[in-house]
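Visitor: Here's the letter readout for the chains.
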Amino acid sequence: MAGGGGSVSLRREPSLLIALLAVAGLVLAFIVYPQIQVVLVPGGDGYLSFFEHGNWQRPLQNSILVTALSTTTAVTLGFVYAYAMVYSDMAWKPFFRLVGILPLLSPPFVVAAAYILLFGPRGIISYGVFGQTLNVLGLYGVWGVQTIAFFPFAYQLIADVLSRSDARMEQAARNLGASTWDVFRTVTLPLTRPGLGAAILTTAIYVLEDFGNPALIGGLFTVLPTQAYGLISGFADFTGAAAVSTILLVLALALYLAKVRLDGGRSYVTVSGRASSMPRPPVPPAVSVACFVACLALAGIILLVYGSLVVSALTRAFPTNLAFTTTHFEYLSAHSLALQNTLVYGLAAASVSAVLAVLAGFLVQRGTWSGRRALDFLLIMPAAIPGLFFGLGYVVAFNQPWLEWLDRGALIVIALVFWNIPIGYQAAVAGLRQIDRSIDEAATSLGASSLRGFRDVVLPMLRGSLQVGFTTTFVRAVTTLSLVIFLFTPQTTVATVTIFQLVNDINWGGATAFTVADVGMAIVVLVVLAAIGGRRFVALGAARA
Amino acid sequence: MRSGTAGAPVTSTASLRLDHVTKRFGTVLAVDDVSFEVPRGAFATLLGPSGCGKTTTLRTIAGFYDPDAGDIRIGERRVNDLPAHRRGTAMVFQDYALFPHMTVRDNVGYGLGVQGVPSAERRTRVDEVLAFVGLGGLGDRWPGQLSGGQQQRVAVARALVVRPEILLLDEPLSNLDAKLREQLRWELRELQQRLGMTFVYVTHDQDEALSLSDVVVVMKEGRVEQIGKPWEIYYRPRTTYVADFIGTVNLVAGTVEEGRAGTVGVRFDGHRVDLAAPDGPTLAPGAAVRLCIRPEALALRRPEAGGDAVAVSGTVARCAFLGDLMRYWVVVDGREWVVDQMDPGAASPFEGRVAIAMRPDRIHLIAEASS
Numbered sequence: 001m002a003g004g005g006g007s008v009s010l011r012r013e014p015s016l017l018i019a020l021l022a023v024a025g026l027v028l029a030f031i032v033y034p035q036i037q038v039v040l041v042p043g044g045d046g047y048l049s050f051f052e053h054g055n056w057q058r059p060l061q062n063s064i065l066v067t068a069l070s071t072t073t074a075v076t077l078g079f080v081y082a083y084a085m086v087y088s089d090m091a092w093k094p095f096f097r098l099v100g101i102l103p104l105l106s107p108p109f110v111v112a113a114a115y116i117l118l119f120g121p122r123g124i125i126s127y128g129v130f131g132q133t134l135n136v137l138g139l140y141g142v143w144g145v146q147t148i149a150f151f152p153f154a155y156q157l158i159a160d161v162l163s164r165s166d167a168r169m170e171q172a173a174r175n176l177g178a179s180t181w182d183v184f185r186t187v188t189l190p191l192t193r194p195g196l197g198a199a200i201l202t203t204a205i206y207v208l209e210d211f212g213n214p215a216l217i218g219g220l221f222t223v224l225p226t227q228a229y230g231l232i233s234g235f236a237d238f239t240g241a242a243a244v245s246t247i248l249l250v251l252a253l254a255l256y257l258a259k260v261r262l263d264g265g266r267s268y269v270t271v272s273g274r275a276s277s278m279p280r281p282p283v284p285p286a287v288s289v290a291c292f293v294a295c296l297a298l299a300g301i302i303l304l305v306y307g308s309l310v311v312s313a314l315t316r317a318f319p320t321n322l323a324f325t326t327t328h329f330e331y332l333s334a335h336s337l338a339l340q341n342t343l344v345y346g347l348a349a350a351s352v353s354a355v356l357a358v359l360a361g362f363l364v365q366r367g368t369w370s371g372r373r374a375l376d377f378l379l380i381m382p383a384a385i386p387g388l389f390f391g392l393g394y395v396v397a398f399n400q401p402w403l404e405w406l407d408r409g410a411l412i413v414i415a416l417v418f419w420n421i422p423i424g425y426q427a428a429v430a431g432l433r434q435i436d437r438s439i440d441e442a443a444t445s446l447g448a449s450s451l452r453g454f455r456d457v458v459l460p461m462l463r464g465s466l467q468v469g470f471t472t473t474f475v476r477a478v479t480t481l482s483l484v485i486f487l488f489t490p491q492t493t494v495a496t497v498t499i500f501q502l503v504n505d506i507n508w509g510g511a512t513a514f515t516v517a518d519v520g521m522a523i524v525v526l527v528v529l530a531a532i533g534g535r536r537f538v539a540l541g542a543a544r545a
Numbered sequence: 001m002r003s004g005t006a007g008a009p010v011t012s013t014a015s016l017r018l019d020h021v022t023k024r025f026g027t028v029l030a031v032d033d034v035s036f037e038v039p040r041g042a043f044a045t046l047l048g049p050s051g052c053g054k055t056t057t058l059r060t061i062a063g064f065y066d067p068d069a070g071d072i073r074i075g076e077r078r079v080n081d082l083p084a085h086r087r088g089t090a091m092v093f094q095d096y097a098l099f100p101h102m103t104v105r106d107n108v109g110y111g112l113g114v115q116g117v118p119s120a121e122r123r124t125r126v127d128e129v130l131a132f133v134g135l136g137g138l139g140d141r142w143p144g145q146l147s148g149g150q151q152q153r154v155a156v157a158r159a160l161v162v163r164p165e166i167l168l169l170d171e172p173l174s175n176l177d178a179k180l181r182e183q184l185r186w187e188l189r190e191l192q193q194r195l196g197m198t199f200v201y202v203t204h205d206q207d208e209a210l211s212l213s214d215v216v217v218v219m220k221e222g223r224v225e226q227i228g229k230p231w232e233i234y235y236r237p238r239t240t241y242v243a244d245f246i247g248t249v250n251l252v253a254g255t256v257e258e259g260r261a262g263t264v265g266v267r268f269d270g271h272r273v274d275l276a277a278p279d280g281p282t283l284a285p286g287a288a289v290r291l292c293i294r295p296e297a298l299a300l301r302r303p304e305a306g307g308d309a310v311a312v313s314g315t316v317a318r319c320a321f322l323g324d325l326m327r328y329w330v331v332v333d334g335r336e337w338v339v340d341q342m343d344p345g346a347a348s349p350f351e352g353r354v355a356i357a358m359r360p361d362r363i364h365l366i367a368e369a370s371s
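One line per chain: the protein sequences are A and B, in this order.
For the first sequence, position 190 matches number 190 in the working numbering, and the numbering has no gaps at all.
For the second sequence, position 224 matches number 224 in the working numbering, and the numbering has no gaps at all.
Just chain A, with the same shape it has in the complex (with noise of 0.2 Å):
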């Protein structure tokens, strides 16, 4: 009858107690260790030089504009795109839908690359139709790029919070005669506005974090995760890369905290392969059309991004000489380390990270012994992390001699692991939520051990959740770009990392067949995955480079 009290004793059951001090040392050991390491790195004198003559004011203006900027436009064309598929009756929203999927799937980056493909110096708009050598680098490159890159991101997230709000609301305000407008200015929007208010601020920390568009086409337009990577990669400057990725996390966890006031710290949104069953309020056939309309326009981006790519990935020198080829993909063979490094890297790290946070999960939310509020937010912490951040934090803490036995792919792993773990995590506690108590203790009281109640009864109810941990990590995995960028060494190199060095190498046709691959590598293993799974969802946290 009375509340608290809990269903896990761990003074009688010793296994149990092992299981939670091992979740807790593995998350103190890689979650707060390498990220503690990376602010301590530059000492308070190193600060202070660094602060004084360091090139960081102009990394962190440019980052705060661009942020601001691309977010801005990015969240409105996300808007439009959301509100089409949520609320108008426009045709061809199964289209709509996939095309949105798609960015979700690949680096962000690739929009970086396609620009060039289309507008760079040799671009098959810029001189190809008119004729012109554009100069595309720097500030409006990176902006234009951006918003292209984070809007699929923007729509998901802000299509999920439209879709959660209650249509019988809106039947009923259209219901007293207000109009379309009326119905979402005076309904809608404030009943949406914390969860379009963290949809904002988590593309914002998307856009901050962005370390690959800016790479490829910032040129002198350095932001904060180009200046840090810069300064190791140009001048072995640790210090200096230290305190420029400190800067970016304060800027980082600044918006996450606000979007945690405003949403409670939901991390991820269901992708589903459906529209909401939900009917709403009919709105004027203009307004569908005009939806229609933008989608198509926004859709035909998205196509121009990803079919250039694979024109170009099967022509023998895009956009000068069109004829067709496979040599590109030979690429495929030289660096076939990296696609299997990646798909390897990619279904291990999924598979440790899901099962890992259910298992925290079953331990923070059907716990009842004190400090588990301090796991729970260390657990959801990377959520916040750059990518950038947390590579560097395990280059500075692992990265030593008594280390030198450590296989440098099972590090890149255990990034992954705990860099995606958020995700997994608050997915096992929501559904948690959803699993009475009673069900556990009959596993219980039937002679089972906690934990042994955990892997027969709670694990396999859990499958939606593991499902949500496992495929958001395997796709983070395969289009992260940051995360990667200090970790690989030669042997444990990817395929962001392998596109990223042949776009510096301007070898355009071996980039683009590397991308096509990678991209089709991990919408072939989402494939199986629902295939296998017996479900019809992808079920997707909005990926991050």
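I should point out that these hints are in silico values taken from the structure, not numbers from a laboratory.
Hints are not guaranteed to be accurate.
To give an idea of the interface, some chain B residues facing chain A are shown, with a C-beta separation under 8 Å as derived from the structure [claimed, not checked]:
hint, residue
1, Ala62
2, Asp81
3, Pro83
4, Met91
5, Phe93
6, Phe99
7, Pro118
8, Ser119
9, Val162
10, Ser348
11, Phe350
Ranges of calculated distance between the beta carbons of each label pair, as one might list FRET restraints [unchecked claim]:
hint, chain 1, residue 1, chain 2, residue 2, range
12, A, Ala172, B, Ser211, 47 to 53 Å
13, A, Pro460, B, Glu368, 57 to 63 Å
14, B, Glu128, A, Arg452, 54 to 60 Å
15, A, Pro401, B, Ala69, 53 to 59 Å
16, A, Ala172, B, Asp95, 44 to 50 Å
17, A, Arg164, B, Leu180, 36 to 42 Å
18, B, Pro49, A, Pro190, 50 to 56 Å
19, B, Asp205, A, Trp92, 25 to 31 Å
20, B, Ala178, A, Trp92, 51 to 57 Å
21, B, Ser211, A, Pro460, 51 to 57 Å
22, A, Arg452, B, Pro118, 16 to 22 Å
23, B, Arg40, A, Thr368, 30 to 36 Å
24, B, Asp66, A, Pro460, 27 to 33 Å
Virtual Cβ for every residue (Gly too), placed ideally from N, Cα, C.
Given chain A, put chain B in place with the hints provided.
Guide: Showing chain B alone in chain A's frame:
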């Protein structure tokens, strides 16, 4: 439920003893110094309104809560320090808590799998117990395909098959409709008697408690109010709380005039009766008492009728026909009495002035201070 080898008396069943068990949640005292004993093979019921601590007591026995003080003994073993899965108790939950991703057979066989029982034996025992609870042939169904009553039987079968020393049941019938509840109640009792297994059963339903139990433990605000056989609880409640909670009762204020060994002279409403003294200290003259009289122990008479040992006169305020009885509310000196006329027949009911006749041996005394 049919007989079978699973219906053979259980030899491993054990007695249960709680000594001064206390359980707090923050500042709330959920279980307050509770002690009681359940003999081996008995059916014990923890009875009380919601929030009285009965479920917390049961969950403390099961090991889902740690008691803050006191000892819990199953047989000769003190089990305080044993985790729930080593206590030899099995529990049937209010919402059944069937595993939705397992078939009925896998649900029932789960505990045997944990014990490492070989699969051939497991299968035999599962089929046996399913037949025993009347679910033979439903082993391959999923829990979601069963009715509430069937789910309840699966939950019981799942707990029985591991041969627990004590079976704990947490309001197992409360989610079922009235007819099914009554049917399953008899089945449970029959099952328990055939197995000779110790059952501890939690309910807020007094009918269940009275009809099922060998021992009833009435609880109030975390404390044990009274322990006894069902008829002791019903006819000789120790406090007005117990009298009021179990069934319908007339609690009439009176004063002790004279106390002798075994009997007490009591005055109420201008009448004097000699009654059997309640347990406990002798009542001194002048002490306030309550006369506890069940409605069915009273009889209505025409006002002019005489010949009863004790009779008070009043006026019928209203009556209700309940089929097996006619219930009257009779006003006596501004106070309402409830009188049940059993087997009322089709005769026209009493109206106007009536006399309420009662037999002194059916009047139970409760000392006022103890309530």
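Visitor: Each hint: holds or not?
Guide: Each hint tested on the structure:
This hint holds: alanine 62(B) has a C-beta 6 Å from the nearest C-beta of chain A, less than the 8 Å allowed. Among the interface hints, the one on aspartate 81(B) holds; its C-beta lies about 6 Å from the nearest C-beta in chain A, closer than the 8 Å criterion. The beta carbon of proline 83(B) is positioned within 8 Å of a beta carbon in chain A (closest approach about 4 Å), and the interface hint is therefore held. Here the hint on methionine 91(B) is kept, as its CB sits about 4 Å from the closest CB of chain A, short of 8 Å.
The interface hint given for phenylalanine 93(B) is met, as the beta carbon of that residue sits about 5 Å from the closest beta carbon of chain A, less than 8 Å. Look at phenylalanine 99(B): its Cβ gets to within about 5 Å of chain A, closer than 8 Å, so that hint holds up. The restraint placing proline 118(B) at the interface with chain A is violated, with a minimum CB-CB distance near 16 Å, outside the 8 Å limit. Hint status for serine 119(B) relative to chain A: violated, with the closest Cβ pair at about 15 Å, above 8 Å.
With a least beta-carbon distance of about 6 Å to chain A, the hint placing valine 162(B) at the interface is held under the 8 Å criterion. Proximity of serine 348(B) to chain A is violated relative to the hint, the smallest CB-CB distance being about 47 Å (cut-off 8 Å). A distance limit of 8 Å between C-beta atoms decides the matter here; for phenylalanine 350(B) the minimum to chain A is near 43 Å, and the interface restraint is violated. Taking the beta carbon of each, alanine 172(A) and serine 211(B) are about 50 Å apart, inside 47 to 53 Å as hinted.
About 59 Å separates the C-beta atoms of proline 460(A) and glutamate 368(B), a value consistent with the hinted range of 57 to 63 Å. Remark: the range hint 54 to 60 Å for glutamate 128(B) to arginine 452(A) is contradicted by a beta-carbon distance near 25 Å. Taking 53 to 59 Å as the suggested C-beta distance range, the pair proline 401(A) and alanine 69(B) conforms, at roughly 56 Å. Taking the beta carbon of each, alanine 172(A) and aspartate 95(B) are about 34 Å apart, not inside 44 to 50 Å as hinted.
Take arginine 164(A) and leucine 180(B): their Cβ atoms lie about 39 Å apart, and the range 36 to 42 Å holds. At about 43 Å, the CB distance of proline 49(B) to proline 190(A) disagrees with the hint of 50 to 56 Å. Separated by about 60 Å at the C-beta atoms, aspartate 205(B) and tryptophan 92(A) break the suggested range of 25 to 31 Å. For alanine 178(B) paired with tryptophan 92(A), a C-beta distance near 56 Å keeps the hint of 51 to 57 Å intact.
Between serine 211(B) and proline 460(A) the beta carbons are some 39 Å apart, a value that contradicts the proposed interval 51 to 57 Å. Separated by about 18 Å at the C-beta atoms, arginine 452(A) and proline 118(B) satisfy the suggested range of 16 to 22 Å. The hint said 30 to 36 Å for the Cβ distance between arginine 40(B) and threonine 368(A), and at roughly 33 Å that hint holds. Here the CB-CB span from aspartate 66(B) to proline 460(A) is close to 29 Å, well matched to the stated 27 to 33 Å.
Violated hints, in rising order: 7, 8, 10, 11, 14, 16, 18, 19 and 21; the structure is consistent with all others.
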